[in-house]
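Residues in the sequence shown are numbered from 93 upward in steps of one, following this note's numbering.
Hints in this document: simulated from the structure, not taken from any laboratory.
Honestly, I wouldn't trust all of these hints.
As the list claims (entries may be wrong) - With beta-carbon atoms standing in for the labels, derived distance ranges:
(1) Leu148 / Glu171: 32 to 38 angstroms
(2) Gly139 / Pro179: 32 to 38 angstroms
(3) Ser99 / Ile140: 27 to 33 angstroms
(4) Phe137 / Leu178: 18 to 24 angstroms
(5) Asp193 / Arg138: 17 to 23 angstroms
(6) Thr97 / Ala145: 14 to 20 angstroms
(7) His127 / Thr97: 16 to 22 angstroms
(8) Gly144 / Glu183: 16 to 22 angstroms
Stated by the list, open to error - Calculated cross-link-like contacts (lysine to aspartate or glutamate; reagent style EDC-like; alpha-carbon spacing at most 20 angstroms):
(9) Lys116 / Asp160
(10) Lys116 / Asp172
(11) Lys116 / Asp193
(12) Lys116 / Glu196
(13) Lys116 / Glu159
Just so we're clear, the structure is a prediction, and the values are computed from it rather than from any experiment.
Backbone N, C-alpha and C define an ideal beta-carbon position, used for all residues, glycine too.
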Amino acid sequence: MTRLTGSALRVTVFVGENDTWHRKPLYSEIVHRAHAAGLAGASVFRGIEGFGASSLIHTSRLLSLSEDLPVAIVVVDTEDRVRAFLPQLDELVTEGLVILDHCEVIRYVGRDADAGSGSGSGKTDGKGKRSL
């Protein structure tokens, strides 16, 4: 697992939850490839409503016929590592949107976890939040 603090690059990939890669959910394939590439972290978020290039509104409301809800896959790591991963996204994402954002990573640590971590770097505020 890669530890990451300070400046980073975030890539957010928007696809439909029904999009697949060799019969496997596309979002799952992206997360597994990010993990295999040793990236610092990846998460998948399922939308409750949205529309994209097709202008068709997808929603999770009970009376809606749409089930292909929007999904966002968020990956964060150093700029070099994220940019090295982009060719895999080019291979996987045939329809969707890929966004790159520069960001600052701040790690939040509880007081008990902080005492046993032995990392010693960063300042902890009164609520146990530490910026590294």
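Structure-based check of all given hints:
1. At about 34 angstroms, the CB distance of leucine 148 to glutamate 171 agrees with the hint of 32 to 38 angstroms.
2. For glycine 139 and proline 179, the hinted distance range of 32 to 38 angstroms is not satisfied, since their beta carbons lie about 26 angstroms from each other.
3. At about 32 angstroms, the CB distance of serine 99 to isoleucine 140 agrees with the hint of 27 to 33 angstroms.
4. The given range of 18 to 24 angstroms is respected by phenylalanine 137 and leucine 178, whose C-beta atoms sit roughly 20 angstroms from each other.
5. In this structure the hint that aspartate 193 and arginine 138 lie 17 to 23 angstroms apart at CB holds, the actual value being about 20 angstroms.
6. At roughly 36 angstroms, the beta-carbon separation of threonine 97 and alanine 145 lies outside the given 14 to 20 angstroms, and the hint is violated.
7. Between histidine 127 and threonine 97 the beta carbon distance is about 20 angstroms. The supplied range of 16 to 22 angstroms therefore holds.
8. Taking 16 to 22 angstroms as the suggested C-beta distance range, the pair glycine 144 and glutamate 183 conforms, at roughly 20 angstroms.
9. Between lysine 116 and aspartate 160, the direct Cα distance comes to roughly 15 angstroms. Compliance with the 20 angstroms bound is thereby established for this hinted pair.
10. Restraint check for lysine 116 and aspartate 172: not satisfied, since their Cα atoms lie roughly 28 angstroms apart, outside the 20 angstroms limit.
11. Proposed proximity of lysine 116 and aspartate 193 is contradicted: the alpha carbons are some 27 angstroms apart, above 20 angstroms.
12. For the suggested pair lysine 116 and glutamate 196, the alpha carbons sit about 32 angstroms apart, so the restraint of at most 20 angstroms is broken.
13. A hinted pair counts as satisfied when its Cα atoms are at most 20 angstroms apart, and lysine 116 with glutamate 159 qualifies at roughly 17 angstroms.
Violated hints, listed in ascending order, are 2, 6, 10, 11, 12; each of the other numbered hints is respected by the structure.
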